[in-house]
Amino acid sequence: MTRRLQEIHPGEILNEEFLKPLQITGRRLSSDIDVPASRISEILNGNRPITADTAVRLGIYFSMDPIFWINLQAEYDVRVAIRENKKTLQSRIRVYQPIAA
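In my numbering, the protein residues as written are 1 to 101.
In short, the hints are calculated from the structure, not lab data.
Hints are supplied without guarantee of correctness; some may be wrong.
Restraint ranges, calculated between C-beta atoms of paired labels, are given here [said to hold, decoys possible]:
| id | residue 1 | residue 2 | range |
| --- | --- | --- | --- |
| 1 | 21 | 92 | 41 to 47 angstroms |
| 2 | 95 | 67 | 29 to 35 angstroms |
| 3 | 101 | 60 | 50 to 56 angstroms |
| 4 | 94 | 37 | 22 to 28 angstroms |
| 5 | 7 | 32 | 25 to 31 angstroms |
| 6 | 93 | 71 | 21 to 27 angstroms |
| 7 | 42 | 21 | 46 to 52 angstroms |
| 8 | 13 | 94 | 33 to 39 angstroms |
| 9 | 53 | 24 | 17 to 23 angstroms |
Using N, Cα and C, we set each Cβ at its ideal position, and we do this for glycine too.
Work out the full structure: start from the sequences and follow the hints.
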């Protein structure tokens, strides 16, 4: 299956845009933000979402708005849902039609 550019997991962004340039390991990040190393490893490998709790911790750690991380996750989730379900859902959902007065 071809991966679409717009479906980049937030863990990949965390790794490529934050950890690598700052030379921070996943283990160090997990220690610094007080979460299990497995949580960060799973996020970095695209196998776990960034939860609100993790977003707050990353926000504090990188001195940024935690909403950034939540938005990355939400956008990823929606794009995956569209790819996986759009055709099925379009055939099952009736589009709202306002009733003329």
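Against the structure, the hints come out as follows:
1. 21 - 92: 41 to 47 angstroms: Because 45 angstroms falls inside the window, the suggested range holds.
2. 95 - 67: 29 to 35 angstroms: Holds, at about 31 angstroms.
3. 101 - 60: 50 to 56 angstroms: Because 52 angstroms falls inside the window, the suggested range holds.
4. 94 - 37: 22 to 28 angstroms: Distance hint for residue 94, residue 37 is violated at roughly 47 angstroms.
5. 7 - 32: 25 to 31 angstroms: Taking Cβ atoms as reference, residue 7 and residue 32 lie about 28 angstroms apart, which means the hint holds.
6. 93 - 71: 21 to 27 angstroms: About 25 angstroms separates the Cβ atoms of residue 93 and residue 71, which means 21 to 27 angstroms holds.
7. 42 - 21: 46 to 52 angstroms: At roughly 22 angstroms between Cβ atoms, residue 21 and residue 42 fall outside 46 to 52 angstroms, so the hint is violated.
8. 13 - 94: 33 to 39 angstroms: 37 angstroms, holds
9. 53 - 24: 17 to 23 angstroms: The hint (17 to 23 angstroms, Cβ to Cβ) holds, given that residue 53 and residue 24 are roughly 19 angstroms apart.
In this structure, the hints that do not hold are numbers 4, 7, in rising order.
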